[in-house]
Structures are given as C-alpha cells and as structure tokens.
Amino acid sequence: MDLKLEIKKEKDYTHIIVHGEVDLYNANELKEKVHMSTDRAISPNLIIDLKDVDYIDSTGLGILIGIKRRTTEKGGVLILVLYSDRINKLFEITGLNKIFTIARGFDAATALLQK
Amino acid sequence: MDLKLEIKKEKDYTHIIVHGEVDLYNANELKEKVHMSTDRAISPNLIIDLKDVDYIDSTGLGILIGIKRRTTEKGGVLILVLYSDRINKLFEITGLNKIFTIARGFDAATALLQK
Amino acid sequence: MKISDKNSLMEISIPNKPEFLRVVRLLVSGYASRWPLSIDEVENIKVAVSEACNTAIQTSAKSDQEEYIKIKCWQENKQIVFEIKDKTSGSPAAEGVEELEERGLGMLLIRTLMDYVDVKTKPGKGSKIIMKKNIKSA
Amino acid sequence: MKISDKNSLMEISIPNKPEFLRVVRLLVSGYASRWPLSIDEVENIKVAVSEACNTAIQTSAKSDQEEYIKIKCWQENKQIVFEIKDKTSGSPAAEGVEELEERGLGMLLIRTLMDYVDVKTKPGKGSKIIMKKNIKSA
Ligand SMILES: Nc1ncnc2c1ncn2[C@@H]1O[C@H](COP(=O)(O)OP(=O)(O)O)[C@@H](O)[C@H]1O
Ligand SMILES: Nc1ncnc2c1ncn2[C@@H]1O[C@H](COP(=O)(O)OP(=O)(O)O)[C@@H](O)[C@H]1O
Numbered sequence: 008m009d010l011k012l013e014i015k016k017e018k019d020y021t022h023i024i025v026h027g028e029v030d031l032y033n034a035n036e037l038k039e040k041v042h043m044s045t046d047r048a049i050s051p052n053l054i055i056d057l058k059d060v061d062y063i064d065s066t067g068l069g070i071l072i073g074i075k076r077r078t079t080e081k082g083g084v085l086i087l088v089l090y091s092d093r094i095n096k097l098f099e100i101t102g103l104n105k106i107f108t109i110a111r112g113f114d115a116a117t118a119l120l121q122k
Numbered sequence: 008m009d010l011k012l013e014i015k016k017e018k019d020y021t022h023i024i025v026h027g028e029v030d031l032y033n034a035n036e037l038k039e040k041v042h043m044s045t046d047r048a049i050s051p052n053l054i055i056d057l058k059d060v061d062y063i064d065s066t067g068l069g070i071l072i073g074i075k076r077r078t079t080e081k082g083g084v085l086i087l088v089l090y091s092d093r094i095n096k097l098f099e100i101t102g103l104n105k106i107f108t109i110a111r112g113f114d115a116a117t118a119l120l121q122k
Numbered sequence: 427m428k429i430s431d432k433n434s435l436m437e438i439s440i441p442n443k444p445e446f447l448r449v450v451r452l453l454v455s456g457y458a459s460r461w462p463l464s465i466d467e468v469e470n471i472k473v474a475v476s477e478a479c480n481t482a483i484q485t486s487a488k489s490d491q492e493e494y495i496k497i498k499c500w501q502e503n504k505q506i507v508f509e510i511k512d513k514t515s516g517s518p519a520a521e522g523v524e525e526l527e528e529r530g531l532g533m534l535l536i537r538t539l540m541d542y543v544d545v546k547t548k549p550g551k552g553s554k555i556i557m558k559k560n561i562k563s564a
Numbered sequence: 427m428k429i430s431d432k433n434s435l436m437e438i439s440i441p442n443k444p445e446f447l448r449v450v451r452l453l454v455s456g457y458a459s460r461w462p463l464s465i466d467e468v469e470n471i472k473v474a475v476s477e478a479c480n481t482a483i484q485t486s487a488k489s490d491q492e493e494y495i496k497i498k499c500w501q502e503n504k505q506i507v508f509e510i511k512d513k514t515s516g517s518p519a520a521e522g523v524e525e526l527e528e529r530g531l532g533m534l535l536i537r538t539l540m541d542y543v544d545v546k547t548k549p550g551k552g553s554k555i556i557m558k559k560n561i562k563s564a
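Chains as they are written, first to last, in our numbering: chain A, 8 to 122; chain B, 8 to 122; chain C, 427 to 564; chain D, 427 to 564.
Please note that the accuracy of each hint is not assured.
As the list claims (entries may be wrong) - In silico lysine-lysine, BS3-like type, Cα no more than 30 Å apart, as pairs:
#	chain 1	residue 1	chain 2	residue 2
1	A	K96	C	K443
2	C	K496	D	K443
3	A	K18	A	K58
4	C	K498	D	K554
5	A	K105	A	K122
6	D	K498	C	K554
7	A	K96	C	K546
8	A	K58	C	K554
9	C	K554	D	K443
10	C	K558	C	K546
11	D	K498	B	K105
12	D	K546	C	K498
13	C	K513	C	K554
14	C	K551	A	K96
15	D	K443	D	K551
16	D	K558	C	K554
17	C	K443	A	K40
18	C	K562	D	K443
19	C	K511	D	K554
20	D	K511	C	K513
21	D	K554	B	K96
22	A	K96	C	K511
23	D	K562	D	K513
24	B	K105	B	K15
25	C	K496	D	K496
26	C	K511	D	K511
27	B	K40	D	K551
Said to hold, decoys possible - Which residues of chain A face chain C? A partial, calculated answer using Cβ under 7 Å:
#	residue
28	Y32
29	S65
30	L68
Unchecked claim - Calculated Cβ distances over 10 Å to all of chain B for the following chain D residues:
#	residue
31	E437
32	R460
33	W461
34	N503
35	D541
36	Y542
37	K554
38	K558
Hints were generated in silico from the structure; no laboratory data involved. Ideal Cβ positions, reconstructed from N, Cα and C, are used throughout, including at glycine.
Go ahead and model the full structure; you've got the sequences and the hints to work with.
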C-alpha cells in the first residue's frame, strides 16, 4: 500500500513519478504530496508520470481532476504520462481522456509542453 | 494454480523442471506426471528442479518423499535442485534436507550424479 | 441466493477501513482467476469490486461504530456474482463536490466493467451492490 | 474472542476445496503485510495458515455435504491471530501412510513457524486451530 513519489523540480516543469497503487487509502496522501511539491515549484507546469502505477481507483482519478484544476488556476499545464493499457482504459471509460492531456512517455510530455 | 513441468529425458538422467505452486490442489498431478515420465525414462536417475517453484506445501513435500522412494526402488538416484532460501528453509524445518540429496544448481546436480 | 451445484461460495468480512481494500483486490483477483476469464476480465472485476467497496466504506464510515463490509462471491449459471454489503446509514449527504464526482466515477466504472449491476439502499440500514460477470466459456 | 481496539477483524469462509488455497494464501499475505513484519515473517504466516487449511480441508472432505472452512484473523495485543475452523468429522482415520506423513509435516511446519499454536478437536463437530505470531515492533 506504499505510495512512493519521485519529485524533480526543473526550470520548465515539475516532474512527479508515482509508484504503487493509488486508492481510497492513500489518494489524499497523493494530493498532499503533490500540492506540497508544486507550491514551491519553479514552474507551474506539471508532468505526473503514472507509468509505475499498477492500480488507480476513482478516488485517485478524482484527486487528479483536482490537481488539474489547481494547475490551471496557477496558469500551468498538467500532462499525465500513461503507458499501461489498463490505466488508459479507465481514463477512456470515464471520459477523463478528454479532460486530461495525456502523453505516452516522458519525451512526448515535454514535447507537448513546448508547443 | 497452474503446474507446469518441463521434462528432458537424457541418457544419464531425467531432468524435470517444475514451475508454479505445489499444494494440496495439484500435488497429485505432480506425482502422476513425474511417474509417467520416469516410467519410460532411459535412466532411473532423476533431477527435479524446483528453482521456479514459488511455494510448496507439506503435500508437495510428501509427494517428493514418495518419488524418492520409487526412484530408490528402481536403483536410481533422486537429486533436488533448490535455489530459494524460502524453499530450503522448509526442507530444513522438516528435516527433509537430511533425506534428500540437494544441489544448489543444475550443474551441481549432474556433478553429484557422476560421483 | 442460489449457489451453483459446484459450491463456490466465498464470503469475506473486513473492517470498513480503506487499509483493507488492497487485500480485497488480491482476494477478488485470486477468486476470479479460478474461472475461464481473460486477464482483462479479471482486472475489470477487481476494479469493479474495489469501487463497490469504496462506496461501502465511504457510506458506513460516517458511523462511529465498528462496522464491517461483507463480500460474497459465487458462481451462478454462467456468471460469477459479487455481492458487497455495508450496514448503517445508507446514502449519506455527500461531503463535497469532489467526493460526489468520485462516487459518480466509481459507479460509472462498475456499470461499464460488469455485465449486470443492481444497487439496493435501505435508508438507515445499509446498501447492497450485486454485480455479475458473464463467463463466456462456462 | 477479544478484538483489539484497532478493529482489525477479517473473516473469510471458503468451500472446503483445495482450489481455494491459493486465494487464502493471497489473502493472508495481504493481511499480514499490513503489520510491521518482515517479508520472511509474512511468508511463514502464509505457509502456516495454508497448512492449517490443508488439515481442515482433508478433515472435512470426508463428508458428503457442502462444507466450508472459516478463517478469522485479527490483532490482539502484540500478536496477529489466525483461527481456522472446519465443521464435521474431527480427526478421521487417515487413509494411508503417505497421508499421515504429510499431516505430520504440516503440523511440524505450523508449530515451527508460528509463536503460539493451539489445536482443538471436538469429535463429530470439527476442529479449530488458533495460531499467533508476535509483532515485534507493535
Ligand atoms: N467522467 C467524467 N467525464 C467528464 N467530466 C467529468 C467526469 N467526472 C468528472 N468530470 C468533470 O470534470 C471536471 C474536471 O474539472 P477540471 O477540468 O479539472 O476543472 P476545470 O475545467 O475547472 O479546470 C470536473 O468539473 C468534473 O465535473
Ligand atoms: N520430518 C521428517 N523428518 C525426517 N523424516 C521424515 C519426516 N517426514 C517423513 N519422514 C520420513 O522420511 C521417510 C522418507 O522416506 P524415503 O527416504 O523416501 O524412503 P526410503 O528410505 O524407504 O527410500 C519416510 O519414511 C518418512 O517416514
């Protein structure tokens, strides 16, 4: 149930790699850790990398919606990196793939930021 | 719960690699498959490789005792290949490490046969 | 409840606490893997049951008492059935907009991923979700 | 049965059939992982509970009826407790020498791997194994 975050604050974006399962148990922990790191970030842009997330539930998706809202309010762009078909499917079913900007990899994410 | 066996019949021994979990559910399947393959083997010697066994219960250990008995009756030698500390521990607790000839790898097993 | 002749009923009771969700997912995957379902179908069931437990936990968490979530799984005809029950307060007033949104997402996932879903709520008593998944080759 | 103030009771009921052993092992590992135990300790618990279920299944399998194995796990003081119960025939005449040997091996594993073991058998009613594992850092 361990949620692990790797956080890298770059000039043009903050890059957060999430490891583990995100569910009702730890979704708030995700929210708080992301907010803490973005509050002191250099850039308002955010890349959240979910490639090492094995499972995310609706609570986790809800938290991501909130993070997107906050990022937009600060004038930043949120990009999600999704590799797995399984997680992608959840975004499609919920229609969240139309709300989020989704990249297949980290390089694709930074390319999207430069546009 | 899938038990998979790779069986190679060599001149000097039959080599059986077991994959999966061996428990009350499938221990008899292990017994029958091993017996079937040794009944038509070229050599009575048997190397059973448990390196890909994640779990073995007392039923599985009991089946191995039976296989050893049968192999000995036919004038053959049974060698078990055990890598994992976890499985080794079960053999130590039950004292079965003193009953079985145990090798740490396949090469060590064939070396033991040549002695 | 009709149990198939193959007697396959598994029941589990867990505290209504999110810490136990992961155990439930392990259990449900393990249970579902026993039937001829694809890896994707097992995954879908896991997601749906976990979402149903979320709802059950969030509903009953408002109570101060020690409450339990009860999950039953069995095979019936050509379907696996999952029943998730909580006691207490039925459908409480949601706390905030975000929480309501999540509920909506959860039910959306459940309805999309399962072949049959029925939700029954008895005010003041609790709610029960029954979900079924077809076993194609059964 | 005394439940710790942290209300941690998990109960599961499975058909007395070996197909369900793997699910039980998943569940028990998942449950035990919630406490500060080493990977080895969790593994030991998994082995012990699975062996106890073997005994329960082999004992009750002699009956023609649909029978269930009930497993309860909870935390009590500084221990996790596992209770495995079967109904029916208590300790039946063993079938053959091999089967007796396995039983012996199973109980040997349980007694070595757990910190406390108690087996109660009521002839004609069933048996109950209670096993406890110390949580060092609890
Ligand atoms: N399944 C869904 N499909 C489409 N929209 C959804 C779904 N679930 C929630 N939403 C909506 O998506 C919105 C996401 O908000 P977001 O784009 O983060 O905010 P904003 O547009 O204010 O920046 C929420 O207002 C919520 O109502
Ligand atoms: N935990 C144990 N420790 C030592 N011996 C055991 C244990 N469990 C079973 N045994 C014995 O180990 C023997 C193994 O027999 P095995 O060596 O295969 O037969 P044989 O010596 O007739 O070829 C069995 O007779 C059994 O009684």
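With a cut-off of 30 Å on the C-alpha distance, tell me whether K496/C and K443/D pass. Holds - the C-alpha atoms of K443/D and K496/C are around 21 Å apart, at most 30 Å.
Pair hint outcome, K511/C versus K511/D [Cα-Cα no greater than 30 Å]: 24 Å, holds
Is K551/C within 30 Å of K96/A, Cα to Cα? 35 Å, violated
Assess, step by step, whether the Cα of K562/D is no farther than 30 Å from the Cα of K513/D, and give holds or violated. Roughly 33 Å separates the two Cα atoms, so the pair is violated.
So if I understand the rule, the pair passes when the alpha-carbon distance is 30 Å or less; does K554/D with K96/B pass? Holds: K554/D and K96/B sit about 26 Å apart, inside 30 Å.
With the threshold set at 30 Å, check whether the alpha-carbon distance from K96/A to K443/C stays at or below it. Within the cut-off at roughly 27 Å; holds.
Would the stated hint for Y32/A survive a check requiring a Cβ distance to chain C of less than 7 Å? Cβ of Y32/A sits 4 Å from chain C, so the hint holds.
Regarding the pair K498/C and K554/D, is the alpha-carbon distance no greater than 30 Å? Judged against 30 Å, a Cα distance of about 23 Å means the pair holds.
Pair hint K511/C and K554/D, alpha-carbon separation not exceeding 30 Å: 28 Å, holds
Given pair status - K498/C, K546/D, alpha carbons within 30 Å: Holds, because 28 Å separates the two Cα atoms, which is no more than 30 Å.
Within a Cα-Cα threshold of 30 Å, do K562/C and K443/D meet the stated pairing? 24 Å, holds
Holds or violated: K105/A to K122/A, with C-alpha atoms at most 30 Å apart: 18 Å, holds
Hints 8, 11, 14, 16, 23 and 27 from the earlier list are contradicted by this structure; the remaining hints agree with it.
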